[in-house]
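Throw the hints in and build the complete structure from the sequences for me.
Take the sequence shown: its position 71, counted from the start at 1, is 70 in numbering that gives the first Met the number 0, and no numbers get skipped.
Any given hint could be a false lead.
As the list claims (entries may be wrong) - The calculated DMTMM-like cross-link candidates involving lysine to aspartate or glutamate, where the alpha carbons are at most 20 Å apart (straight line), are:
{"no.": "1", "residue 1": "Lys103", "residue 2": "Asp87"}
{"no.": "2", "residue 1": "Lys103", "residue 2": "Asp154"}
{"no.": "3", "residue 1": "Lys103", "residue 2": "Asp185"}
{"no.": "4", "residue 1": "Lys72", "residue 2": "Asp149"}
{"no.": "5", "residue 1": "Lys140", "residue 2": "Asp90"}
{"no.": "6", "residue 1": "Lys72", "residue 2": "Asp90"}
{"no.": "7", "residue 1": "Lys103", "residue 2": "Glu155"}
Said to hold, decoys possible - Have a look at the derived ranges for each label pair, beta carbon to beta carbon:
{"no.": "8", "residue 1": "Thr188", "residue 2": "Arg107", "range": "25 to 31 Å"}
{"no.": "9", "residue 1": "Ala110", "residue 2": "His157", "range": "18 to 24 Å"}
{"no.": "10", "residue 1": "Gly164", "residue 2": "Asn190", "range": "16 to 22 Å"}
{"no.": "11", "residue 1": "Gln189", "residue 2": "Asp86", "range": "28 to 34 Å"}
{"no.": "12", "residue 1": "Gly173", "residue 2": "Asp87", "range": "29 to 35 Å"}
{"no.": "13", "residue 1": "Asp185", "residue 2": "Thr145", "range": "15 to 21 Å"}
{"no.": "14", "residue 1": "Arg64", "residue 2": "Ser180", "range": "28 to 34 Å"}
{"no.": "15", "residue 1": "His97", "residue 2": "Gly133", "range": "26 to 32 Å"}
{"no.": "16", "residue 1": "Leu159", "residue 2": "Leu50", "range": "29 to 35 Å"}
{"no.": "17", "residue 1": "Val152", "residue 2": "Arg78", "range": "20 to 26 Å"}
{"no.": "18", "residue 1": "Asp79", "residue 2": "Pro171", "range": "40 to 46 Å"}
{"no.": "19", "residue 1": "Leu50", "residue 2": "Glu135", "range": "25 to 31 Å"}
{"no.": "20", "residue 1": "Asp90", "residue 2": "Thr156", "range": "22 to 28 Å"}
{"no.": "21", "residue 1": "Arg99", "residue 2": "Thr178", "range": "27 to 33 Å"}
Rather than coming from a laboratory, the hints here were simulated on the basis of the structure.
Predicted model only: the values in this text are computed from it and were never measured.
Glycine included, each C-beta is placed from N, C-alpha and C at the ideal position.
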Amino acid sequence: MMKLRNTQTWLILLAIVIAGLTIWSYRSLGRYQPFADLMNPQMNPMGQMALQISDATVTGRSGGRVQWRVQAKTISVGRDHYSVTADDVHDGVFYDAHERPIVKMSARQAAFQSPGGLAGAGSSTSSFLQLNGGIEARILKSGGPTFRTDRLVWDETHHLIQAPGVVQAVFPGGMGAATGSAISFDTRTQNLTLRRLHGTFRIGRLVN
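Structure, rendered in C-alpha cells:
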C-alpha cells in the first residue's frame, strides 16, 4: 500500500514538472509552427499575392476624368486587396485634362493603389502611378522627345510626370540628344524640364 502511494506521488510530481517545462518552453521559445514560413509573406512571395490577372488594362481616374491607362501582361493584387503591381507594361498612356493622350510609355513594372480593392484592380484606380525599370516614354506633342529612365512617377497634385533619376532623351528629326539628372513634364502646360542638361542640339531645327 505504501509503495502504491509513493508511486502515485512520484507520478503527480512528474506531471507537475512536465507541465511546468511545457509552459516555460511555450513562453520562452514560442509555439512550434511547422508551416510558419509558408504563412510569412516575407518568406513566401506567393503569400503576398491574392489575385493575378493576365493581359489586363487598368485605368487611373481622378475627378471622373481618365488620368492614365496601362496595359500589362500580368497584374497582381496584394493580400491587402489594395496594393497592385503590373508586370511588362507594353502599352501605357498619360492623358491631359481633356482626356487626350499626351505621353505613351512602356516599362517592366508599374505600381499603384486601388481604392476599390479587388473590384477596382482591373478597371478603375486612384491617379497615383509609379513605373519602374526599363522605361521608355514618348511625349506626343510636336517635337517631343523620347526618353529612357528607370523610374517614372505621376504626381497628380502638381500635374507632373517626373523621372527623378538619370534620363536619356532623344529629339525627333535629328534635332539632338541629351542626358539629364531628372526630367519633369507638366501635363497642363506641356512644358518639359530637363535638369543638368548635357547634350548636342541643332538650334536651327529647334527654332523652326
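- Hint numbers the structure violates, sorted upward? Nothing - there is no hint that the structure violates, so all of them hold.
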